[in-house]
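S.K.: Which chain is which? The protein sequence lines are A and B, in order. Under the numbering used here, think of the first position of the first sequence as 2, with each following residue one higher. Under the numbering used here, think of the first position of the second sequence as -18, with each following residue one higher.
A couple of the hints might just be wrong.
Which residues of chain B face chain A? A partial, calculated answer using Cβ under 7 Å [stated by the list, open to error]: (1) I55; (2) V62; (3) I170; (4) I199; (5) V216; (6) A220; (7) N223; (8) Y328; (9) P333; (10) A344; (11) S345; (12) A348; (13) I353.
Taking CB as the label site, the calculated pair distances span [unchecked claim]: (14) A:M371 <-> B:E126: 41 to 49 Å; (15) A:L233 <-> B:D136: 16 to 24 Å; (16) A:P365 <-> B:A220: 52 to 60 Å.
Partner residues are not named here, just some residues of chain A that face chain B (Cβ under 10 Å, in silico) [claimed, not checked]: (17) S72; (18) I73; (19) V77; (20) V181; (21) L193; (22) I339; (23) Q374.
Honestly, the hints are just simulated from the structure, not real lab data. Predicted, not measured: the structure shown is a model, and the values here were computed from it. Beta carbons are placed, not taken as given, at the ideal position from N, Cα and C, and that holds for glycine.
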Amino acid sequence: MSDASIPRAMRQPFSLKLASNAFLLVWLLLAAFPLVWVLLMSFKSPVDAFSSNAWEVISGPRTLADGAGISIVDIVLFVVFAWGAIKAATVWLMPMATAEGTLQKIFNWAVIALGFGVLAVIGLFFLLPVVAAPIEGLLGPLGQPIFGLTTQHYAAVWVENAFYENFRNSMVVTIGVVTVSLTVGTLAGYGLARSGSTFAFWILIIALIFRALPHSVLVAGYLPVFINSAELLSPILGENAPTLYGQPLAVIAVLVSINQPFTIWMLRSFFQNIPVDLDESARVDGCTHFQAFRWVIMPVMWPGVITTGLFSFLLAYNDFLVTSLLLDASNQTMVPAIAGYFNRETTTTDQVEAVAAAVSITAPLFLLVMIFQRQIVSGLTAGAVKG
Amino acid sequence: MVPEFRANSGETFSALHSYARFLTGPTDIGVKLRDSPGFPMQRSRNTSGTEASVKFKTFAMFVGPSVFLMLLFIAFPLVTVLVNSFQVTQPIFTTQEVETCTPGFLQQTCVTEVKTIPVLDDDGNTVTRTEWVGFRSYANVLGGERAIAALSGLDFGALLQIDFWKALRFTLTFTLITLPLVLIVGLAIAVVVNNASRAVKGPVIFVSLLPFIITPVIGALSIRWLFYGDGIVTVWLEALWNTDLSVAANGWAIEFLMMFYRVWHVAPFAFVIFYAGLQTVNQDTLESAVIDGASRWERLRYVVIPHLMPLIVFITLIHLMDAYRAFEEVIGFSSESHRITLQYLTYDYLTPDDAGNRAVSSASASAMLTMIGVVILLAAPLRRTWRDHRGG
């Protein structure tokens, strides 16, 4: 909104602008502070992390005294490394990911992101310390550690407490939910968007009611059936009847179904933005309904599918209730696993480990918002529903 | 108009540009929601007639898998819950006379006692019996005679000692207090961001999305760590008021934190939607309002807010649904001894107790009672939608 285009009467006095920007600043602080603070805490030794002096939490004197700290040289090197990594990612890697076809593109993205992640971890944890040591020796006071910072809690969480198993379980459930719910959902969303029948109307209304149901109501229905499923299914499946309780596949099916009402509403609204004329011209050229859907509509639907996929991802990744009740301890996902840290009688070390685990769970979401901010905003405003 | 936001939502659909001649207009929900309150079902009927509308068999093929999943995993469990709420499954016990004898001098010492033991079948599993109990589980959940005594004596303090009423009281207060706060804070942020210079809008939206996108349990935890024990904000508040605060032991403080968390978590959602809506406010109307001498506040009150009304209704509906089933707050703030929600009540019955038993019947009864609330909540908007559908 450039100033010239605004009529004189609508220009704002200085005081109003000041108040408006001050409010914005307060909101940004409020939104970011808890997250930033938790991030800081996760890198300090317990005494510093729960210190009542804010500066001690930031600088970490106790952590420093324990011999874990970073110097100015480290900070400078880290900034240079991070800047280089971002440049490398945007200048060299982004063009490499371009390819014909969406699936090919997604595949390229996945491979490049994975390779980049591995390289970044190697560079950060193995290359940087080797480079930093001689420089610190040369520079004297600049090379002395000044800020306390330790990664021991992350090591404890991921290596000793085997958080990677929870991570793997989370990934299995999340990827399963996103794939299945998009496959089933796009078909239904397309059908519903192209049908004006009363039947379609009722499906949408019932889906809306289902969306409002508390998840615990549904889990109360699954739990007895899932625990006894071997008995219940044995007349049909014989000896091979599985106990569904504790099965990631069963949880995927449950989360997909819980998510279906939202998915079909959102995809339907995206499909409605694609004009019917497109289907008609494909049909005139001799396509069946399914061919028109697959080869004409789907290629232009990818943005909508990606947006809906993001929200399915969030639902599955963030879920606590369903996964904590339907999975047992041996294949627990990350979010219920963290409840174990703060529920048992804890030492402060356990608590900082819980903080580190919390940051570990949040980091992928942070990246997600960074990459897909646009899609998330368009998803929020395009759908008549929210996940 | 702010071109930036347009560009954003437009670029999402960049794949559509080659089909630009088909595009009916900008992909702008602010307009779409306003034009068709309720559910815009008319569109395909109007544009295409019968030829393009999918025939029923094809329609069933497309919709089938989704409907099947929803029937199997949503509709069927509801039936099971309904049935389970009227019956109780318990192991069968029998009483047996057991004679235990210990060898003694000349004569054995024998003790005969009556024991209650579970009946086992041939495989060694406990035999269970399921019996119909009518509304007994409901009576248990509602508090039975204690509730009747409290109600007849008009003793609300005693009534709120019972878990169900405690949960109901908290859930309703929570929902009704957070609703206006979410709307006001969301609208305020949207107006202020709309007012800010273009360069900061992207980063501001990024930071604002973080509280919304974060895992609810983790979001609640990150606020809990600021307050519980000697949390940093508690220390600041103690220094400010020169008192001694113990947040984790005070029910009202926890209640306030839970509401604060919910507003923090949902306001960004309201903000993004209001912000999109603000881009479609008619500038001519605003300018004529200025010429008529309307103040800033009057323009907001009489031009902008009426324009955003459909969005306010939409956010209200979504927020009522979501706040009514609040649950993660209880886990994140470990508030179960002070404040519980209706959904937590069912969850609590479902988690195994120390003996490993799950109170499925009580859980089903409390789930059905929770459902009644959902039905009341949705009755009015659904009736209006049905009327719109029949009329339009």
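S.K.: Please name the hints from earlier in the document that this structure breaks, with their numbers sorted from lowest to highest.
M.R.: Per hint list: 6, 7, 9, 13, 14, 15, 16, 17, 18 and 19 violated.
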